[in-house]
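Start from chain A and add chain B according to the hints.
Residue numbers (the numbering used here), protein chains in the order written: chain A, 1 to 489; chain B, 1 to 478.
Honestly, the hints are just simulated from the structure, not real lab data. A couple of the hints might just be wrong.
Unchecked claim - What the simulated footprint calls covered on chain B by chain A, stretch by stretch (three residues with Cβ under 8 Å from a Cβ of chain A suffice, anywhere in the stretch; the number is not a length):
#1 42 to 49
#2 76 to 82
#3 85 to 98
Every residue gets a Cβ at the ideal spot worked out from N, C-alpha and C, and that includes glycine.
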Amino acid sequence: MLNFTVKQLAVELAARRLSSVEVTQYFIKRINALGKALNAFISVDEEQSLASARAADQLLAAGKGGPLTGIPLAHKDIFCTKGWLTTCGSKILSNFVAPYDAHVIERFNQAGAVIAGKTNMDEFAMGSSNETSFYGPVQNPWDTAAVPGGSSGGSAAAVAARLAPAATGTDTGGSIRQPAAFTGTCGLKPTYGVVSRYGMIAFASSLDQGGPFAKTAEDLALMLNVMAGFDARDSTSLQREPEDYTRELAQPLQGLRIGLPAEFFAAGLASDVARAVDAAIAEFRRLGCETVEVRLPNMRLSVPVYYVLAPAEASSNLARFDGVRYGYRAPEYSDLLDMYCKTRAQGFGAEVKRRILIGTYVLSHGYYDAYYIKAQKLRRLIAQDFAEAFRRCDVIMGPTTPTTAFNLGEKAGDPVQMYLSDIYTIAVNLAGLPGMSIPAGFGDGNRPVGLQLIGNYFGEAKMLNAAHQYQQVTGWHLEMPASVRSEAP
Amino acid sequence: MKWETVIGLETHAQLSTRSKIFSGAPIAFGAAPNTQACEVDIALPGVLPVLNRGAVERAIRFGLAVGGRINPRSVFARKNYFYPDLPKGYQISQYELPIVVGGTLEIVVGDQQKTVHLTRAHLEEDAGKSLHEDFHGMTGIDLNRAGTPLLEIVSEPDLRSSAEAVAYAKTLHALVRWIDICDGNMQEGSFRCDANVSVRPAGSDKLGTRCEIKNLNSFRFLERAIEYEVRRQIEVLEDGGRIVQETRLYDPDRDETRPMRSKEDAMDYRYFPDPDLLPLEVSRQWLEEIQAKMPALPQARQAAFRLRGLSAYDALLLVGSREIADYFERMTAGADPSVAKLCANWINGALSAKLNDAGIDISQSRISAAQLRGLVDRIADGTISGKIAKDVFDAMWAGEGDPDTIIEKRGLRQISDSGEIQKIVNQVIAANPQQVADYRSGKEKAFNSLVGQVMKATKGKANPAQVNSLLKQKLGGS
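Just chain B, with the same shape it has in the complex:
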């Protein structure tokens, strides 16, 4: 039987506020345990929550970016359960009335574009951490993270493969950083996903029983966990079994998912509106103020780049982050489409590779947009060939200065003087009678070998187009 995979993601993005969502305590990752927790965070008797406006603004920015509806009135609710790292015995979240409803995200998988629908996005507070190591049979509690603002973004079950899930997660990850609401640091847990996975016979329109895989904090784990889970579910079903609705945990060491708790022992969270917080009202004026401060969104900038002659794929890569898009725009100021296309190739190719190797962001690039444009201009005006340009680029990365300086210093200027090239062509023809004969007898390959000889003799500086035409003339070709 053919099976279809159905996936929905719940993503927790930690909002980049300075203080917590319901207290004034600072948020600093990696601080000594319990030093970033005030009386509200540790839930002393009598303390009360006060909503951080900055967290709400970030949630609204997200809602606007995905074209969702911003609820003019949303409600904070208490999700009640006992756990030592949950100081109040309840988590303040949004339940029936979230701040953002609906919205969509465009993703690209291979050459396919797809619209993923969002169910909702709501504000909530994070819990603390339980530390099970180093306490000799006891558990340590660190409440630094307690009260950190989170935006939980819930997608519809629109995704049909692990590749789509990863593309969605990456697009979302880029978006939250694009609109400055989350630093996206996955190692520190600032962006983490839970995946709801089910399978069904291809063509069926009824959803299968799903399992939720918790806390996937890298794109690779997300991909592998889904792939494992899909295989597992298909095996169970093909063996005549049935899927039990449950929460599962992905173990990256063993590359498998394991049951955490079943639906039967699912907790009753006894949600009810938090009486300590008034309903959250978003006025039209506030919404307009936030709207006015929104940056141009990736889709808009991608469309603008395509109007400058770029392919959809190139344009998509350039909106991977706002910094990349800005770099491209600085680099292509006043450039015509052919130069813009070259610029995109250099950013998405050589520069991106170098940045990846160095593990740094484009804002930390050792080559500025102006410098890289200088290099592209030298290619466009024929001063150097694309091949030589690679060497110049490496030298620029190594800190040897502007492209012009490097070209001059190393004598890399392309030879376009036809007299000089003619001389070398003559020498090469004289020195390689066999290849000349081969070519003349119809072996096209021999021609390439002759071109190579000329390029070698000029240390790659000859203008390849000129070499071609002069050789052909000389050999009596077309």
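If we strip away everything but chain A, and leave its shape as in the complex, we get:
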């Protein structure tokens, strides 16, 4: 069961060779055994999980199961989950039990999936290493000295360590793709508006998008089939016909045009990552793909643009955490202002405070035009670069990250170095495009390398097709860290 994909588990469950209760118990035992050291989970609630598993078994017994019925999934602790502690990795929500389900959770519940637990994450999804979590850093299962990436570090580590067959995450500037790359897992960020943000605690509303983690592209497609879809409660949710993301998986890649942006392969890219990515692209050529060089001249601006827009939105989105209605409130204060100041000073960590300050500054009177408006204009230029590139190719490929996973503590003191680890992923969020990361081998020190695929708007099925075909002829996605290979939970 250890290395079963979602697809394989579903077959076993449907055939009643395994029950959801057995599968759930198996993974919860692994979470309790291995997950503690990795610190991948914030909440586990075996009772609630098993209750859902029993309900799923009834559905399965009645032959009413779907592709995800009975499958235990790990959810990033950013999704409000009714009756579950939902912390967003922050002290300020450390006592917050959500009274409602996020749209994504609702969808998985309707599909009969089981909640295996809530995963650790950078505080309010602000971070690239999972080191900003109030609940402490997560270790990378491939090398416990390394970070798992962030902000969805717990979900990535959970899938990598086989603590759950699949997981959810959110991606604002690379928070699914970067940890997927660092942990040798697959992660997908859909086109902005494909997955409802309702109930997903906001970091930067115009960039946030939920998406899945799994071992294979096919599992990602199955997950996305459940997560995607119009939701009237999110005004940015797109009203489109539901699509089956598995529909193109089996198509041969003959003639697929792969765009290779020169900017992705320039200075700053570590040679071990470059080697693995080059090899992966060679594999795609063998599968019949053509490669063309494309240019993204404004991509270099994406990090500064992002660090104006995302903090600006965050500074406003996080204003509701004021100690008045829910969440943490400072135990002692003299008056209202003092209550606000102490609650937020004690409730937020350093990185969150830094971004609130940056965001407050760039929106301030006299600076707004110079920063916010300018950044919005550049954002459009970045999106235009991609539009131009997609005239010449079907999918863009390159490295997900400039290096493999760095060490815990290595960049924690240097925010700019930390921000630059998202240099290849951020532009995709700014443009609202879909992107994914799949394992493409290993770099120095046996740390995984991720290959990034970027699709045109609503090009998820095309990306998944390319990734799936690659995974039919390679085995990187099935590799497991040595420390987690024992079948016993």
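Using the frame of chain A, we list chain B on its own:
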């Protein structure tokens, strides 16, 4: 020195939607605290706003009614500040691109008509309420009002006196009710004004420094607050001081305005477009649909009434509300101008007084338009005099039935039989030799006294015109 007052008003009209502007929670005034607030209104983590189409339609109706421009694309922005009754830590409002731009409102002060220009009208959400009483040193928060849709209507500084400001506010108040976008209930805060007031030397074209007076929720407070503030500013300036730009609060108990916060500690609201809401697009088709459902506007109906021979003033009073105008139209179906004029007098006079005393609206009137028309017809055809009609009207108000029934029952029919009147005239002349002599010696007053005697003898039922002519004949006058 002579001073000129300059006033601009910002009015918040609560839009009469069933649910809130960005959530499905109901709007009910006076409900138990925090029972009309859903997860969106209390700003739980992860919730998102969804715009209420009904609120947008009402804003568009307003824009059309004042002849403003409806922006085909307007943008919701976040106004950021911390306050316990502002759950998200920001208010969703419109800033750079409001839904309505420009427009005008015609007001009448005394016999002067004036055009007031509007700057803009934009949609926004209301905040909750902080309750400072009954919590023993703590503050209670009621979020029922949070997310209630408001239309903020901003006038240009076109108003020159408290009387003009009040006339503007009243006209606006009548208009928002006329077009069914706001219930206009001022006690419940559905319609409230902030006034920007400044003074300048008469003849100057440079604006003085202004003060903003907040939250004036009655026309009387609006008037008094402006009057106090104008006096205060003139005193400061005449004493050689200068006006500090600030926000002031009117205290009705002390009838004065007091500083609330100065410009120096004015907050930086860090407005930026709300990324949770798409720009609001108003298609031509939607606009046309709304236009098609617009009622005839007060100005149009006032003009139509004037064409029926009414004075500007009478016509203005009749468009005080759509219900009054409708009442007048029902009452005057098929009437000629003289009868229409009588009808207007009765509505604007006796009926309006009774409604005011009873504190009710014309739609709740105890006398229907048809009944009141019946009364007017009896005056016009000479059955009763205007004076007797007052008594009949009172009886109708008291519920005694139709005018004809009351006239018959009480025997109030006017005496127009000249033989009968002649008889009484003769009796009166015989009984009052002194007045007759006085009249004949040139004292006109004595004539009125004789008329009064005749009217008294007939209990007011004699046709006054006939009495006059018969008396004059008899006394040898013209």
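In rising order, the numbers of the hints this structure does not comply with: none
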